[in-house]
Amino acid sequence: MTTVDGSRRSWLRPAVAILVSAIFFVPLYYVLVNVFKPGDLIAREPASVPLPPTLTNIHAVLTRPDGLFWVSLANSMLVTLLSIMVLTVLSAMLGHYLARSTRRWTKVLAVILLAGLMIPPQVILIPVTEVLRLTGMMATLQGLVLFNVGYYVPFGVFVFTGFIRGVPVELEEAALLDGASRGQAFWRIVFPLLRPATASVLIFLGVWIWNDFIDPLIILGPSQGTTITTGIYRSIGQYQADLGSVFALMFLATLPVLIFYLALQKQFVKGLTGGATKG
Amino acid sequence: MRRKPILPRVWHFASFGAPGVVIYLCFVMAPILISFGYSLTNHNPFNPPSEFVGLENYKLLFQDEQFLTALRVTTILTVIVVVVPNLLGLGVAVLLDRKGWLYHALRSVFFTPVILSSVVVSIIWTKLLDDRGPVNDLLRAVGVEQPPGWLSDPDLALFSVASIVCWQMLGFCVVVYLAGLQGVPAELLEAAEIDGAGPVRRFRAVTWPLLAPSLTINTVVLLISAFKTYDYVKVVTNGGPGSGTTATIAFDVLATGLDANHVGYASAMAVVMLVIVATLTTIVLRFLRRREVDL
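Chains as they are written, first to last, in UniProt numbering: chain A, 1 to 279; chain B, 1 to 295.
Treat each hint with caution, since some may be false.
[Unchecked claim] Distance ranges between label pairs, derived from CB positions:
(1) A/Ser10 to B/His104: 14 to 20 angstroms
(2) B/Asp259 to A/Arg165: 42 to 48 angstroms
(3) A/Leu51 to B/Gly143: 25 to 31 angstroms
(4) A/Ala22 to B/Gly242: 31 to 37 angstroms
(5) B/Asp259 to A/Ala22: 38 to 44 angstroms
(6) B/Leu68 to A/Ser48: 45 to 51 angstroms
[Stated by the list, open to error] A few chain A residues that face chain B, going by a derived Cβ cut-off under 7 angstroms, partial list only:
(7) Ser21
(8) Phe25
(9) Pro27
(10) Leu94
(11) Gly116
(12) Met118
(13) Val128
(14) Phe147
(15) Gly150
(16) Val207
(17) Asn211
(18) Ile214
(19) Val257
These are calculated hints, taken from the structure and not from any lab test.
Where is the CB? At the ideal position from N, CA and C, for every residue including glycine.
Throw the hints in and build the complete structure from the sequences for me.
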């Protein structure tokens, strides 16, 4: 019965799936084709395929006299890499403390950290700017990195704690008996076993911090260096007439994340759904 | 069983726990306390000294037309953003829940916006929905003489912004539901089929209850991210058109506190926002968790 039913309408599901996806894809198509079209053609034929494709827009962005793209790219790279490295180290260690400590107050600490998962950045940003001003780190990249670390550490801890609970304590005890220091027991024995957790933390935080807008906008301030997102935001005003450059800048800014995502696609989806089913 | 800790306690906390905790306290917990403190004053960094005003800010807040509008805008936006991607996401996930390269490729189509910056998404849609943009060009081409001002019509702008958020969040829901669907045992579905249950009945009786954890995660993630909507509003409409037709609370907090420097008043707003988010999340989590069944 099912086979008859299935073969009779076997074209229906793929057809509907393709149609729905095509409609959903329209905005992405709009950007993709217009990156490779000369400016005047974008206004006249926004939906046409760029034939022959031109690299003028990309070239214009890469060779801007103020170097906006390169400066923003360097800042974004620096902030993202530093933040995710420090976050991985600190949240793995804090996760170890929470998973292994037998004291009662660790439960309280865990709740305080979990609360951080739902705090909107707007609630804390104004006082954060004052904390940074007091310590002389307002409008600096290291100020932004420190804020990122504080703000995202709950997520890292949340992921690592669960994984560390799954690693037998005996492994660490054996390493200690063999003369390893506590730090060595963690970094040489436990940490390598946490690879899926590390991948999740690196991927998620990497994408979030790279794409972040509000925090760099306010912490780096108007005059100081921009990241890639704030750079795009600031240049839409100047580029009002030149859509080709706006699209090219957005395309170039997304490229690193896109490559990162395509390379780690499997872990990405696994991390997302792992977090989802564990809740 | 209470076992001996493997590390001396103080040493363990000082070396493993403290660095993360200290930064968290400095950059998240302390600022929350400072916000709460400011909300009881008329603090303005460019007009010191600030005075203690008690609950005055909170009293004013609930008589403030602008804040009440922001509260309404945020509520409408949150309802749309929690419901629409959840529903459409479930539909798309069921549609794409098949093996094969085609379905894998189509999943990636839906997921791509999730990894884009909200600024990039906002700019794409600003250009698409512009009064003289491609969407309205198309409408004119098919004979609509007065196409709507998606972003310039005060009655419409909020729904346009909400749709943009929905478009970006849809892929997230699809992936989470797809993972949930893969956890539904085929034997259960086959058993139901043998018992004579049609596809709709099978979905309602077997699949849907087992998707409860996916519904929980999607709803909570959508709720939290909808409530703090800022980027889209800032880039797409900057709170307008007109006065505050798309200004969310998150948007108003920063406009009041950083652009207008009324830090005390903005902090009261932020505290109210935090209380609402925390309460809503707790209620929704409790309610949805109760539906979850163990296999």
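Hints, verified against the model:
1. A/Ser10 to B/His104: 14 to 20 angstroms: holds, 18 angstroms
2. B/Asp259 to A/Arg165: 42 to 48 angstroms: Holds, since B/Asp259 and A/Arg165 (Cβ atoms, about 46 angstroms apart) stay within the stated range.
3. A/Leu51 to B/Gly143: 25 to 31 angstroms: holds, 29 angstroms
4. A/Ala22 to B/Gly242: 31 to 37 angstroms: 35 angstroms Cβ-Cβ, so the 31 to 37 angstroms window holds.
5. B/Asp259 to A/Ala22: 38 to 44 angstroms: holds, 41 angstroms
6. B/Leu68 to A/Ser48: 45 to 51 angstroms: holds, 47 angstroms
7. Ser21: With a minimum Cβ separation of about 4 angstroms from chain B (threshold 7 angstroms), the hint on A/Ser21 holds.
8. Phe25: holds, 5 angstroms
9. Pro27: holds, 5 angstroms
10. Leu94: holds, 4 angstroms
11. Gly116: holds, 5 angstroms
12. Met118: Where the cut-off is 7 angstroms and the nearest Cβ of chain B is about 5 angstroms from A/Met118, the hint holds.
13. Val128: holds, 5 angstroms
14. Phe147: holds, 5 angstroms
15. Gly150: holds, 3 angstroms
16. Val207: Holds: closest Cβ of chain B sits about 5 angstroms from A/Val207, inside 7 angstroms.
17. Asn211: OK, holds: A/Asn211 within 7 angstroms of chain B, min 4 angstroms.
18. Ile214: holds, 5 angstroms
19. Val257: Cβ of A/Val257 sits 5 angstroms from chain B, so the hint holds.
Of the numbered hints stated above, none is contradicted by the structure.
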